[in-house]
Amino acid sequence: MVFVSTHQLDARRLLCPMPVIRVQDALAALAPGEILEVTCTDPGALNDIPAWCRINGHRVLDTAQQDNEIVIRIEAGDGDD
Amino acid sequence: MSKQPKAVALISGGLDSLLAARVLQEQGVHVEGINFFTGFCVEGHTHAIRKQDQAKPKRNNALWVAEQLGIKLHIIDVIEEYKDVLLNPKHGYGQNMNPCLDCKGFMVRKADEWIAANGFDFIVTGEVIGQRPMSQRKETMPVIQRESRAGDRLLRPLCAKNLPPTLPEREGWVDRERLYDFSGRSRKPQMALAAQFGFTDYAQPAGGCCFLTDKNYSDKLVDMWQHRSSRDYQLDDIMLLKVGRHLRPAPNYKVIIGREEGENNFLEGYRNQFIHLRIASHKGPLALIDGETSEADLETAARVAARFSQGRDAGAVEVEVNYTDGRQQTLQVAPMALDAIPQEWYL
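Protein chains in written order, with my numbering: chain A, 1 to 81; chain B, 1001 to 1347.
The set of hints was computed from the structure by calculation and includes no laboratory data. Don't be surprised by glycine CBs; every beta carbon is placed ideally from N, CA and C. Please note: incorrect hints may appear among the correct ones.
According to the in silico footprint, chain B covers these stretches of chain A (three or more CB under 8 Å from chain B) [claimed, not checked]: (1) 8 to 16; (2) 51 to 58; (3) 61 to 75.
In silico negatives: residues of chain A with every beta carbon more than 10 Å from chain B [stated by the list, open to error]: (4) F3; (5) V4; (6) S5; (7) P32; (8) G33; (9) I35; (10) E37; (11) T39; (12) D48; (13) D78.
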């Protein structure tokens, strides 16, 4: 069994592009395959974070929305898309 | 150079930087994008806050441009460093509080630092001579090169033929003959080039990607500075200037009143930092009090907030005053008549 660590990032109350910047900085410190779970409140993050991940070689595993909170799980890539 | 040359393009999300980057890609240059967040960027914010705008499709244009180009985009938080640009612009302000020339020099300098740290060869911008009255003039082009310290590592592909050859042209990394000689305020050459590249859905070139070019926003910023002991600011300060009605009944305080549900929700996030008012007896806005207030001031603020509630025509409205230490007080106030609110209170 392979253990993959999940890192949490609280980006609530931040407006885009700040959640994207926080995700970018957090992913820079992760090894490929590690998971980042970011919680946001800006609905713009639902578009912006996946768009940023697509162009920068990371993979969005899933997104969930409950009340005013959005949770996005991202698998860190190697940065060489 | 046997390896593929590498350039970083300043991507604003507008058409010019999209085209500039694409022109370089056409010549086989490896391009990545860089976008600086100053805190004053219009991109996304008001859409995110206002409920009525939330149904509209939201897109960060810089990310969209990068995706169209198939390039990486590095978004850099420069909020702290940008303060010096805004507070002490060597070249002054434009029509409002926009320090465009200093801003451009700053961003190119940051890009120059970035290429040095990341092993890139040169910088690309979408500047066009004569496009902007303050920052994109023939005289300002060398100023930006000099003050950013990027020198001839800065290439402007859309107007390069009107300027002396730069390092990437001299080194043969880029063919000068395949660059452009655009100038002036006309957008037609850019639109024709966009059509040639097959770009159709680009952001309209309105020139308004920064709140500092907005008169109303600039007025509120100046008012904030005038009523504080220092011109320093935090991100929260400049975010709050984008939200709600701002009224200043007296020099010692102002009232920020949410205009709709989305703004009220946003202001809720600041309720621990400010005295805030809630309309208890009717449906109404959340109001924050920014400044030191007396009881009489709070009553005035409550009457103003009540004016924007559904109790505006009632004889009395119950307003909850919530202090930052958790204390709470309820006031019964008569909503202020609309024509009793002096126009000069509105910021």
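(request) Could you tell me which of the hints above the structure violates, numbers in ascending order? (result) 3, 12
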